[in-house]
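Student: What follows is the residue order along each chain.
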Amino acid sequence: MDAPPQKPAAERPGPFTTISGRPINRLYTREDIAALEYGRDLADPGTFPYTRGIHPTGYRGRLWTMRQFAGFGTPEETNARYKTLLKAGGTGLSVAFDLPTLMGRDPDHELSLGEVGKCGVSVVSLADMERLFDGIGLSGITTSMTINSPAPMIFAMYLAVAEKQGASWKTLSGTIQNDILKEFIAQKEYIFPPRQSMRLITDIFAFCAKEVPKWNTISVSGYHIREAGSTSVQELAFTLRDGFEYVQYGIDAGLDVDAFAPQISYFFNSHSDFFEEIAKFRAARRLYAEVMREKFKAKNERSWKLRFHTQTAGVSLTAQQPYNNVVRTALQALAAVLGGTQSLHTNSLDEALALPTAEAATLALRTQQIIAHESGVTNVVDPLGGSYFVEKLTLDMEQEARTYFDIIDRMGGMVEAIEQGFPQKEIAEASYRFQQSVEKREKIIVGVNDFVQEDEEPIPILYIDDSTANRQLARLDDLRKTRDNDKARRALDALRDTARGTGNTMYPLMDCVRAYATVGEMCDALREVWGEYEEVPLI
Amino acid sequence: MSQKIRVVIAKPGLDGHDRGAKVIARALRDAGMEVIYTGLRQTPDQIVGAALQEDADVIGLSILSGAHMHICPRVMELLKEKGLTDVLVVIGGIIPDVDIPKLQEIGIRGIFLPGSPMQQIIDFINANVRPRAQAI
Chain L
1 MDAPPQKPAA ERPGPFTTIS GRPINRLYTR EDIAALEYGR DLADPGTFPY
51 TRGIHPTGYR GRLWTMRQFA GFGTPEETNA RYKTLLKAGG TGLSVAFDLP
101 TLMGRDPDHE LSLGEVGKCG VSVVSLADME RLFDGIGLSG ITTSMTINSP
151 APMIFAMYLA VAEKQGASWK TLSGTIQNDI LKEFIAQKEY IFPPRQSMRL
201 ITDIFAFCAK EVPKWNTISV SGYHIREAGS TSVQELAFTL RDGFEYVQYG
251 IDAGLDVDAF APQISYFFNS HSDFFEEIAK FRAARRLYAE VMREKFKAKN
301 ERSWKLRFHT QTAGVSLTAQ QPYNNVVRTA LQALAAVLGG TQSLHTNSLD
351 EALALPTAEA ATLALRTQQI IAHESGVTNV VDPLGGSYFV EKLTLDMEQE
401 ARTYFDIIDR MGGMVEAIEQ GFPQKEIAEA SYRFQQSVEK REKIIVGVND
451 FVQEDEEPIP ILYIDDSTAN RQLARLDDLR KTRDNDKARR ALDALRDTAR
501 GTGNTMYPLM DCVRAYATVG EMCDALREVW GEYEEVPLI
Chain E
1 MSQKIRVVIA KPGLDGHDRG AKVIARALRD AGMEVIYTGL RQTPDQIVGA
51 ALQEDADVIG LSILSGAHMH ICPRVMELLK EKGLTDVLVV IGGIIPDVDI
101 PKLQEIGIRG IFLPGSPMQQ IIDFINANVR PRAQAI
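First to last, the sequence lines map onto chains L and E.
With the first letter of the first sequence counted as 1, position 4 gets the number 4 in this note's numbering; the numbers rise by one all the way through.
With the first letter of the second sequence counted as 1, position 131 gets the number 131 in this note's numbering; the numbers rise by one all the way through.
If you are wondering where the hints come from, they were derived from the structure by calculation, not from laboratory data.
Heads up, a few of these hints could be off.
[Claimed, not checked] Simulated crosslink set (BS3-like; lysine-lysine; CA at most 30 Å straight-line):
1) Lys299(L) x Lys214(L)
2) Lys487(L) x Lys210(L)
3) Lys80(E) x Lys440(L)
4) Lys80(E) x Lys4(E)
5) Lys4(E) x Lys425(L)
6) Lys487(L) x Lys295(L)
[Stated by the list, open to error] Partial list, derived from the structure: chain E residues whose beta carbon lies under 7 Å from chain L:
7) Gly13
8) Leu14
9) Asp45
10) Gly49
11) Ala67
12) His70
13) Ile106
14) Gly107
15) Arg109
16) Gly110
17) Met118
18) Ile121
19) Phe124
20) Ala127
C-beta: ideal position from N, C-alpha, C; glycine also.
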């Protein structure tokens with residue numbers, strides 16, 4: 001190619017790189033995408049390999065689901081927040097649980113000190129789940145629950161609430177995150193060792209295929225991988241490779257790929273580098289479709305289509321000049337929409353300081369509504385398709401992700417790669433590199449390492465006091481006095497028996513939940529049989 | 001010969017978000033300090049035990065979950081019980097403004113919010129660590 005040499009002298013010093021450190025050329029031309037074949041690599045929206053989107057009509061058919069993640073304090077407080085969000089035009093619920101619930105500990109455990117109701121809602125037993133969805137018909141909404149190690153227990157509680165409301169399981173729709181691999185890789189909310197954790201997941205696949213067919217059984221998540229400091233390509237590669245691991249384990253457990261793959265969904269981060277993020281979403285769809293069809297021999301089109309939720313990057317929010325976060329979030333949300341997301345959470349401006357206030361959460365929802373109804377971007381499907389730059393980035397990211405797939409395949413799979421600490425080390429390196437580039441001011445963060453403002457006025461924040469912990473502790477005490485303890489004990493014994501054998505754990509868990517066994521008791525029963533995972537701390 | 005400053009970086013509570021703890025652990029190590037990272041889910045007892053065993057000059061706590069007002073007083077109490085009152089305790093994480101004076105009052109000397117430059121933390125430790133570690 002005969003492009004004239006670029007003149008660096010005419011440019012600012014740079015470096016001209018993405019937030020992930022990817023060098024970017026001054027200009028992209030048709031030469032950069034000469035290898036691209038429209039029918040094979042792009043195709044019209046709704047057509048394999050779905051680079052341009054999984055629906056032929058894009059957002060003209062249906063807008064994305066505006067799903068704001070929320071949860072704090074007692075179930076009653078969170079229930080009130082849900083009713084506010086639904087009234088403000090939110091179209092789906094998304095439950096944030098507190099750390100004791102996420103880690104399968106009851107509020108009276110030593111490590112629950114100071115954590116009850118702080119980062120999410122405290123759910124101890126079915127009684128709390130009943131309070132959480134009081135007055136909200138489960139057959140009429142879709143609910144996403146961010147729960148991983150104790151996903152089977154929490155999902156069982158949700159199903160039990162549906163039973164009590166008279167809603168058929170066949171009609172229920174929603175998602176449990178249930179993605180343990182990214183917990184080992186990034187967020188570290190694991191309980192059981194990897195292989196037993198994988199069994200719980202394939203048990204849910206099998207249970208739902210039979211009993212709750214519309215439920216999204218897993219939301220394979222890159223979000224936390226990115227928040228932990230990965231690059232954009234690492235997020236793409238590790239997330240999809242996690243997804244393939246679940247598919248392989250499902251097949252190995254004797255399931256037909258098309259019986260469970262259509263219920264697998266994904267969850268990505270939308271970070272600040274606008275075009276790199278859009279390319280990531282497009283590359284993800286193409287890669288997924290190709291691997292599902294070619295490697296796993298899925299025949300159902302629904303198994304090929306990558307459906308995903310997106311959340312804007314929490315890690316990009318700054319405590320300094322917090323109103324700037326509204327602008328960051330709007331740009332990140334726009335990237336997710338231009339990348340064709342199926343649902344979206346926009347972060348609130350105050351989240352580098354605390355959980356969001358109701359006002360901040362509403363403004364975050366309004367940001368999505370402005371993109372949907374005022375910006376005009378929803379009139380057309382994949383508006384950036386064919387852009388030299390975006391298509392080249394999409395191609396590059398796809399190839400780089402495939403390189404990671406090869407490395408992980410050679411290690412024997414993702415479980416083995418995690419056991420060797422491979423993705424963990426890659427992410428730690430990337431996050432340290434990024435921090436250094438901020439320190440050196442190669443990357444500017446407005447209000448943090450440039451355009452700094454002294455003497456800022458504090459903004460109002462949500463403060464969670466200890467009344468939640470006290471209330472949940474009292475309730476736990478009361479529960480243990482008033483429930484049929486023999487029934488609970490028998491159900492927990494049956495759960496242990498199943499865990500020792502090979503049966504599906506979801507059935508005894510339903511009985512535990514109906515007997516008002518607590519999250520801590522159910523997880524302890526499995527800890528006794530399976531042990532707990534401990535990671536080797538690496539720095 | 002100057003002796004290396006010994007730092008225990010700890011993540012108390014149930015939270016697993018360890019990006020900040022790991023980045024700062026590495027930055028302090030690159031700045032010439034001896035860094036011991038405890039790993040996740042440490043109780044105040046375990047943290048103070050590690051500080052004692054490692055003869056730490058500094059304890060760095062990383063807390064993002066909002067549990068700091070429970071964990072920090074317990075760590076400070078235990079340090080006092082063990083006679084480790086000259087250990088410099090710093091905290092990084094999501095700390096609401098209203099809690100900052102309360103933490104300072106119980107003896108947490110450095111409080112670093114999101115966006116704090118690593119160099120600022122390194123400089124703070126160098127300026128405030130007990131003298132014995134600086135030069136012998």
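Student: For each hint, tell me whether it holds in the structure or not.
Tutor: Each hint, compared with the structure:
1. Lys299(L) x Lys214(L): Holds, at about 19 Å.
2. Lys487(L) x Lys210(L): 26 Å, holds
3. Lys80(E) x Lys440(L): 39 Å, violated
4. Lys80(E) x Lys4(E): 24 Å, holds
5. Lys4(E) x Lys425(L): Satisfied, since the Cα-Cα distance of roughly 26 Å is no more than 30 Å.
6. Lys487(L) x Lys295(L): Violated. Lysine 487(L) to lysine 295(L) sits at ~47 Å, over the 30 Å cutoff.
7. Gly13: 6 Å, holds
8. Leu14: This interface hint holds because 4 Å falls under the 7 Å limit.
9. Asp45: Violated, because the Cβ-Cβ distance from aspartate 45(E) to chain L comes to roughly 9 Å (cut-off 7 Å).
10. Gly49: Nearest chain L Cβ about 15 Å off; hint violated.
11. Ala67: Holds - the Cβ of alanine 67(E) comes within 7 Å of chain L, reaching about 3 Å at its closest.
12. His70: It holds, given that the least Cβ distance between histidine 70(E) and chain L is near 3 Å, below 7 Å.
13. Ile106: This interface hint is violated because 14 Å lies over the 7 Å limit.
14. Gly107: This interface hint is violated because 18 Å lies over the 7 Å limit.
15. Arg109: 20 Å, violated
16. Gly110: 16 Å, violated
17. Met118: 6 Å, holds
18. Ile121: 11 Å, violated
19. Phe124: 15 Å, violated
20. Ala127: 18 Å, violated
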